[in-house]
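Chains as they are written, first to last, in the UniProt record's numbering: chain Z, 1 to 152; chain G, 1 to 720.
Accuracy of the hints is not assured; some may be wrong.
Said to hold, decoys possible - Partial chain G-side listing against chain Z, Cβ under 7 Å, derived:
no.: 1; residue: ASN195
no.: 2; residue: GLY198
no.: 3; residue: ALA206
no.: 4; residue: THR270
no.: 5; residue: TRP271
no.: 6; residue: ASP315
no.: 7; residue: GLY316
no.: 8; residue: ALA320
no.: 9; residue: GLU344
no.: 10; residue: ASN423
no.: 11; residue: LEU641
no.: 12; residue: LYS645
no.: 13; residue: PHE647
For the record, the hints were derived by calculation from the structure and aren't laboratory data.
Glycine included, every Cβ here is placed at the ideal spot set by N, Cα and C.
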Amino acid sequence: MANYNLKINGKSHNVDVEDDTPLLWVLRDHLGMVGTKFSCGIAQCGACTVHLDGKATFSCVTPISSVGNSEVTTIEGLSEKGDHPVQKAWEEVDVAQCGYCQAGQIMTAAAFLEQNPSPSMEEIDNAMNRNICRCGTYHKIREAVALAAKSK
Amino acid sequence: MKTISRASRRDFLKIAGTTAGGLFIGFNWFSCDSPKVEVLSTEEILAQAKSFNAYLSISPTGDVVIYSPNPELGQNIKTSFPMVVAEELDADWEKVRVVQANLDTEKYDRQLTGGSGAMPHSWERLRKAGATAKYVLVAAAAKTWNVPAEEITVEKGIISHKGSGKSGHFGEFVTEAANISAPEEVILKDKKDFNIIGTPVKNVDAKEMYTGKPLFGLDFYREGMKQAMVQRAPFGMKIKSVDDAAARAVSGITDVVTFGTSVAVVGDSTWPLMKAKKLLKVEYEPDGTVESSADHDRIFADLMASGKSEVRRKDGNVDAAFKTAAKVVSAEYQCPFLAHSPMEPENFFAHVQGDKCELIGPTQTPDRARQSAAQILGIPAENISVEITRLGGGFGRRLRADYVEEAVHISKAIDAPVKVTWNREDELTGGAYRPAVRYRFEAALNESGEMIAYKLRGVGMNAGNTTRENNFPSGAVDNVLIESVNYESSITTNAWRAPITNFLAYAEQSFLDEVALEAGKDPVEFRLELLNRAKSNPVGELGYDVDRMIGVVKMAAEKSNWGKDPNVKQGFSVYFSHRSYVAQVANIEMQSGTPVLKKITAVTDCGMVVNPTGANHQVRGGIVDGMGHAMYTNLTFENGLPKQKNFDSYRLIRMKEVPEIETHFLDSGFNPTGLGEPALPPTGGAIANAIFSATGRRLRSQPFIEQKEFSDIKLEIRRA
């Protein structure tokens with residue numbers, strides 16, 4: 001057990017956990033932030049995507065000991081009122097079916113658009129290829145990312 | 001046309017109060033920056049609301065709460081059910097809140113998600129729920145204003161009387177309305193007057209999903225609850241010995257519980273459980289047959305060749321017809337086991353307390369979960385409550401209650417509330433798969449290329465009936481023999497989105513293309529000839545509506561520009577399942593010698609479309625699902641365990657692998673049928689037939705990418 005001070009969504013949080021505990025489980029089990037989802041646990045599906053210093057990161061394979069002073073942003077902190085351009089685009093396009101993967105999709109899209117504010121459709125496809133949607137909402141995801149890019 | 005509908009007592013039991021506890025899932029329709037004066041929470045509304053029936057409560061503020069009883073797993077029922085109630089109520093959709101109802105077999109019928117059956121089952125009763133509430137509200141207004149009820153109109157939650165100039169919102173009449181009995185018969189709206197049904201209404205949980213609010217079973221936490229993970233035996237094995245010393249030594253592990261062929265580690269948080277589970281040393285010994293894929297190959301070959309079978313359908317005399325045939329076509333098709341792999345792994349919360357039990361989590365069959373728990377605990381089912389969370393996908397997996405049963409066993413053993421969580425490896429190795437099935441088709445053609453006889457023999461592993469014997473082309477052929485053989489495997493199977501037809505449709509539609517080719521006929525013309533025969537002079541019992549199938553075939557040919565562009569190689573497929581009809585055309589364009597899958601056009605007849613957004617989702621999602629599993633996904637076994645244990649080897653379709661999908665809906669005037677499944681079955685056939693058309697390679701096994709016929713095709717998938 002070790003004590004970690006984490007910067008999450010602009011606030012400081014203290015947790016006592018084992019060094020190898022993935023950030024995902026610190027968020028969900030220890031801090032009650034359940035927006036970040038568990039699905040594969042091996043960095044294959046993207047449901048657990050958060051931002052570490054703005055970079056899209058698989059929290060399921062990120063040991064807490066490696067987080068250090070990085071700023072962690074989760075879906076809960078992407079915007080104050082749920083009105084980040086990507087969240088708004090997701091609502092406008094009505095993307096979700098079951099919705100379980102969508103927080104991860106939104107986090108991937110938000111980090112991508114920070115890097116590439118006016119992407120081509122092909123660049124959107126490449127960026128979003130790291131997240132799986134089992135319901136097959138890929139067309140809507142693509143449409144929403146393009147809309148968010150335009151409305152930013 | 002207006003419909004007069006008789007209310008059944010069961011649906012309109014007046015409920016005294018409305019209670020809702022635990023994980024409360026509502027949706028606030030007013031955004032935070034909206035100028036609207038006061039925004040009440042759903043709980044606040046319910047605290048003062050009057051209950052009109054099992055589906056509806058209305059508060060004096062005019063806010064409407066609609067309960068959606070069936071589990072929501074992405075089929076959009078939590079939005080489309082309330083739309084139907086709100087339509088007949090003439091509510092203002094902006095003032096509607098939706099609440100997921102808990103299991104209540106007194107109030108609701110068929111409170112489950114499966115078989116694309118919710119909408120056809122509930123269409124009438126949802127409409128009646130809205131219409132009877134409107135009736136008593138109007139009667140209350142008529143009484144209050146002392147005017148005839150017939151002169152009153154209702155629009156968007158406002159009740160008006162033109163003559164007297166009086167008007168008021170629903171809330172002003174709820175107290176009076178509560179004293180008026182619901183009528184035995186109500187008049188339902190004319191469909192042409194619908195203003196909610198048929199419009200693209202957005203997902204009622206959208207805001208919560210996109211801001212990370214707790215919605216799903218895995219998001220449920222309660223102060224003081226334990227968490228658990230379970231190690232299960234390989235198929236056909238039982239526990240010989242358990243050494244849990246290393247697992248117990250992991251910090252944060254409080255207990256290890258053995259039940260049946262399972263060993264559970266119990267603790268306070270998930271990560272120590274994952275570590276401890278890996279440290280369990282469980283020795284297994286055979287308990288029945290321990291199977292590998294090589295065994296399955298042999299069993300399939302033996303049973304396909306054996307004389308053993310169950311005859312599902314017999315028309316005419318196939319043997320005689322094959323003797324007179326000018327041409328015989330035959331082919332074998334095969335499909336592997338598949339896991340359901342919903343993105344949210346299985347999980348459930350259970351709290352057993354003496355002769356009572358509380359269950360909370362994602363289930364497609366809450367009543368089955370309750371019955372299973374009752375059996376394990378030996379207590380009456382009425383003592384068990386089931387709260388249904390949103391489901392992160394289901395695809396049939398959550399029809400089973402095995403993971404609920406685990407939570408019940410563990411809670412009882414440790415005498416504490418517990419949430420069981422599966423990881424992805426558990427999900428892929430935990431059973432309840434889509435069964436592996438193989439088919440042999442044989443067709444006899446006469447001199448003019450007409451199919452005079454058709455034989456289908458299906459062999460399945462725990463598949464039950466591998467055929468749909470009264471489906472097309474039955475009814476269109478004089479001599480038909482359809483047989484099925486079941487092998488009882490130790491590998492457990494379960495319904496998987498569009499059970500049986502998810503593979504049978506591909507095999508049949510690909511085979512019919514093979515027959516059309518041998519008959520020298522265009523694939524669409526060939527199917528239409530058969531359908532016209534089934535229409536004019538049907539043979540035996542037909543399980544499908546021939547006109548509706550012809551309708552989607554013709555419209556798909558038209559919308560896809562079938563056969564018009566020599567540069568576009570097309571594949572056709574049509575299938576009837578779960579009361580809906582879907583035809584699909586896949587387009588492959590040759591670009592400098594490379595086949596590029598660019599587009600799939602789908603035409604669907606599901607009767608009236610309740611929510612165009614949801615319907616589009618289900619059709620496109622079904623096609624992506626059908627395509628992904630036909631192309632990429634395989635599950636093979638070694639010594640009773642799947643070799644593919646996570647998404648690194650169990651390959652699911654991704655963003656870059658989906659073509660453009662164009663959807664059309666044929667308005668046949670029928671009442672709505674479900675769409676969770678029907679768009680999936682035709683897809684594999686449309687793609688396989690397009691690949692044949694482009695390359696001359698016939699793909700008779702799934703997944704396509706693992707077939708040698710596919711290895712040098714270099715198929716690309718590109719939108720636009």
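> Hey, does the G/PHE647 contact hint survive, CB to chain Z under 7 Å?
Replying inline: Hint holds; G/PHE647 Cβ to chain Z Cβ min 4 Å, cut 7 Å.
> Should the interface hint for G/GLU344 be scored as holding, given a Cβ-Cβ cut-off of 7 Å against chain Z?
Replying inline: holds, 5 Å
> Given G/THR270 as an interface hint, is the shortest Cβ-Cβ distance to chain Z below 7 Å?
Replying inline: holds, 5 Å
>> Using the nearest Cβ pair, does G/LYS645 come within less than 7 Å of chain Z?
In response: Status violated, d = 10 Å.
>> So, as I understand it, the hint says G/GLY316 touches chain Z; can you test that by seeing if any CB pair is closer than 7 Å?
In response: With a minimum Cβ separation of about 42 Å from chain Z (threshold 7 Å), the hint on G/GLY316 is violated.
>> Using the nearest Cβ pair, does G/GLY198 come within less than 7 Å of chain Z?
In response: violated, 16 Å
> Measuring from the C-beta of G/ASN195 to each C-beta in chain Z, is the shortest one below 7 Å?
Replying inline: violated, 19 Å
>> Checking hints one by one. Is G/ASP315 an interface residue toward chain Z, by the C-beta closer than 7 Å rule?
In response: It is violated, given that the least Cβ distance between G/ASP315 and chain Z is near 38 Å, above 7 Å.
>> Holds or violated: the hint that G/ASN423 contacts chain Z, with Cβ atoms closer than 7 Å.
In response: It holds, given that the least Cβ distance between G/ASN423 and chain Z is near 6 Å, below 7 Å.
>> Let's test the interface hint: is any C-beta of chain Z closer than 7 Å to that of G/ALA320?
In response: Not OK, violated: G/ALA320 not within 7 Å of chain Z, min 46 Å.
> Can the hint on G/ALA206 be confirmed by a CB-to-CB distance to chain Z that is less than 7 Å?
Replying inline: holds, 5 Å
>> Restraint: G/LEU641 near chain Z, CB-CB cut 7 Å. Satisfied or not?
In response: violated, 18 Å
In summary, the numbered hints that this structure violates are 1, 2, 6, 7, 8, 11, 12.
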